[in-house]
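Colleague: Sequence:
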Amino acid sequence: MGNSENNRLNNFSRFDAETAARVIHEFGAPAYLYDEALILERCKDCLNIPNAYGLTVRYAMKANSNKTLLRIISDAGLHFDASSLNEVRRAHMAGIPYKKIMLTTQETYEGDEMKVLEALLLEGLQYNVCSLRQLELIGDFSCENYFTPGIRIHPGVGSGESATRNTGSDYSCFGIHLSDIDKAMEYAWGKWIKFEHVHVHIGSGADPEMWKNNIDIELGLIAKYFYEAKTVCFGGGLKEARMPGDEAADLSYLGKYAKEQITNFNKKFKRKLHMEIEPGTYIVANSGYVVSRVIDKKSTPRANFIITNGGMEMNSRPLYYGSVHPVYVVSGDGTQVRSSEFKDIHTDYSAVIAGKCCESGDCQTLDDKGHLAARTMSEPEMGDIVIIGGTGAYCSSMAPFNYNSHVQAPEVLLTEGGSLKLIRRRQTLEQIVENEI
40 MGNSENNRLN
50 NFSRFDAETA
60 ARVIHEFGAP
70 AYLYDEALIL
80 ERCKDCLNIP
90 NAYGLTVRYA
100 MKANSNKTLL
110 RIISDAGLHF
120 DASSLNEVRR
130 AHMAGIPYKK
140 IMLTTQETYE
150 GDEMKVLEAL
160 LLEGLQYNVC
170 SLRQLELIGD
180 FSCENYFTPG
190 IRIHPGVGSG
200 ESATRNTGSD
210 YSCFGIHLSD
220 IDKAMEYAWG
230 KWIKFEHVHV
240 HIGSGADPEM
250 WKNNIDIELG
260 LIAKYFYEAK
270 TVCFGGGLKE
280 ARMPGDEAAD
290 LSYLGKYAKE
300 QITNFNKKFK
310 RKLHMEIEPG
320 TYIVANSGYV
330 VSRVIDKKST
340 PRANFIITNG
350 GMEMNSRPLY
360 YGSVHPVYVV
370 SGDGTQVRSS
380 EFKDIHTDYS
390 AVIAGKCCES
400 GDCQTLDDKG
410 HLAARTMSEP
420 EMGDIVIIGG
430 TGAYCSSMAP
440 FNYNSHVQAP
450 EVLLTEGGSL
460 KLIRRRQTLE
470 QIVENEI
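No gaps in the numbering here: position 79 of the sequence shown is 118 in the working numbering, and each next residue is one more.
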């Protein structure tokens with residue numbers, strides 16, 4: 040790691056120009072890089088959220104499921120939120136005990152899969168039912184084994200970074216809708232099922248005020264329907280600030296509000312509720328970087344294009360959501376930061392950052408309508424390093440990495456001590472086709 044403060048790319052991570060060059064020299068480009076120190080800092084921030092009667096922080100592992108990162112986050116004291124049975128298995132393969140995992144999923148299980156789920160529940164796995172059908176499928180097992188599932192409620196209102204990231208409105212299908220609560224409760228009573236864990240998640244990158252409003256909504260639902268609830272989960276979606284000028288969720292403010300409302304709830308109903316949250320983006324987003332090389336430069340009457348060897352197959356969020364990520368340009372030898380979203384660099388040059396895929400949407404600089412959005416920067420030279428920040432969450436875990444038969448990029452950890460550690464090898468073409476018959 041370089042010693043020059045001028046080589047730092049931003050004001051929150053230790054990642055600098057020299058480290059970017061080291062990543063490419065040791066592991067090739069493109070590659071993902073994660074800053075361990077920042078992940079640990081974010082874990083600590085979440086664990087220190089004010090609370091009334093106890094707090095469990097569950098990492099939403101769909102954000103990034105790399106085994107090394109799961110172990111780092113587990114060792115920091117976090118539990119886990121899984122969105123599929125395979126995510127449960129994957130977490131356990133990383134050494135996470137089932138008792139630290141909550142499964143909240145759109146999947147339904149029957150036959151052999153149900154037998155697997157039931158076996159894991161007996162080993163300590165926790166499970167939120169998210170539909171009437173899921174409740175009915177687990178009903179007999181719950182009754183016979185005195186198992187108490189949690190329940191995810193669809194509140195009918197939500198918020199997210201984009202319409203497709205809003206999981207609480209009536210245009211999404213996550214959880215048991217308010218209109219079906221009476222049916223769920225009637226079935227549960229018939230099977231002697233108690234709901235001790237109540238969960239509501241309104242969306243990713245949610246407006247902090249909407250997140251605060253969700254606290255009131257959920258406590259109201261518990262007061263009305265869930266007399267035996269012991270834990271209230273407010274979900275994740277805590278907003279992170281990827282770009283200069285972005286405002287991250289104020290964890291202290293939200294925690295103090297939740298603590299106050301849960302305390303008031305206890306004063307009124309004599310019930311001390313344990314609090315849970317499920318951050319994913321907040322934990323890992325800003326720890327991650329896509330490190331790529333400039334491989335070509337083109338121009339049209341409308342825009343300059345910088346072509347890199349790491350685009351949508353590394354980070355599809357601009358294409359999917361119109362998400363905005365910081366762009367850094369570093370000299371090929373790592374001695375100079377030519378451009379940074381976090382530094383004032385005076386230039387008349389602007390360009391669109393494009394990738395190598397045969398796809399018009401393969402651009403890292405798009406607006407929320409999917410249109411080209413050139414960024415002001417110092418003009419890169421061939422072989423310079425282009426870095427896309429804020430790519431620790433929902434990038435390696437969600438990107439179409441085999442599009443055009445490109446191989447999945449390696450993942451590298453910048454350890455607390457400053458060394459670089461390979462935590463996933465680069466995929467090979469043979470691995471892409473090995474299951475084809």
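Rather than coming from a laboratory, the hints here were simulated on the basis of the structure. Misleading hints may appear alongside valid ones.
To be verified - Restraint ranges, calculated between C-beta atoms of paired labels, are given here: (1) K230 with D285: 28 to 38 Å; (2) K309 with G134: 18 to 28 Å; (3) D114 with L176: 57 to 67 Å; (4) L171 with K408: 49 to 59 Å; (5) V472 with L217: 16 to 26 Å; (6) N87 with V472: 30 to 40 Å; (7) M437 with E299: 17 to 27 Å; (8) D114 with D285: 22 to 32 Å; (9) P89 with N50: 24 to 34 Å.
Unchecked claim - Derived pair list, reagent style DSSO-like, types lysine-lysine, alpha-carbon separation capped at 27 Å: (10) K263 with K306; (11) K101 with K408; (12) K83 with K298; (13) K311 with K230; (14) K460 with K408; (15) K298 with K309; (16) K263 with K336; (17) K222 with K263; (18) K139 with K101.
Where is the CB? At the ideal position from N, CA and C, for every residue including glycine.
Colleague: Now look at each hint and say whether the structure bears it out.
Modeller: Hint check:
Evaluation of the 28 to 38 Å hint for K230 and D285 yields a failure: the beta carbon distance comes to about 46 Å. Judged by the Cβ atoms, the range 18 to 28 Å given for K309 and G134 is violated: they are separated by roughly 40 Å. Restraint check, D114 to L176: a C-beta distance of roughly 35 Å breaks the suggested window 57 to 67 Å. As the Cβ distance of L171 to K408 is approximately 38 Å, the hint placing it in 49 to 59 Å is violated.
For V472 and L217, the hinted distance range of 16 to 26 Å is not satisfied, since their beta carbons lie about 48 Å from each other. Judged by the Cβ atoms, the range 30 to 40 Å given for N87 and V472 is violated: they are separated by roughly 48 Å. For the hinted restraint 17 to 27 Å between M437 and E299, the CB-CB distance of approximately 36 Å leaves it violated. For D114 paired with D285, a C-beta distance near 29 Å keeps the hint of 22 to 32 Å intact.
Range check, P89 to N50: about 26 Å between beta-carbon atoms, so the 24 to 34 Å window is met. With a CA separation close to 16 Å, the supplied pair K263 and K306 stays within the 27 Å bound. As the CA atoms of K101 and K408 are separated by approximately 26 Å, the hinted pair is consistent with the 27 Å bound. Note on K83 and K298: the hinted pairing holds, with a Cα-Cα distance of about 18 Å set against a maximum of 27 Å.
Straight-line distance between C-alpha atoms of K311 and K230 comes to about 26 Å, which keeps the hinted pair within the 27 Å bound. Among the hinted pairs, K460 with K408 is inconsistent with the structure: their alpha-carbon atoms are about 38 Å apart, more than 27 Å. A C-alpha spacing of about 15 Å is found between K298 and K309, which places the hinted pair at or below 27 Å, so the restraint holds. With a CA separation close to 61 Å, the supplied pair K263 and K336 exceeds the 27 Å bound.
Note on K222 and K263: the hinted pairing holds, with a Cα-Cα distance of about 15 Å set against a maximum of 27 Å. Under the criterion of a C-alpha separation no larger than 27 Å, the hint pairing K139 with K101 is consistent with the structure, at around 15 Å.
Taken one by one, the earlier hints fail for this structure at numbers 1, 2, 3, 4, 5, 6, 7, 14 and 16, listed in ascending order.
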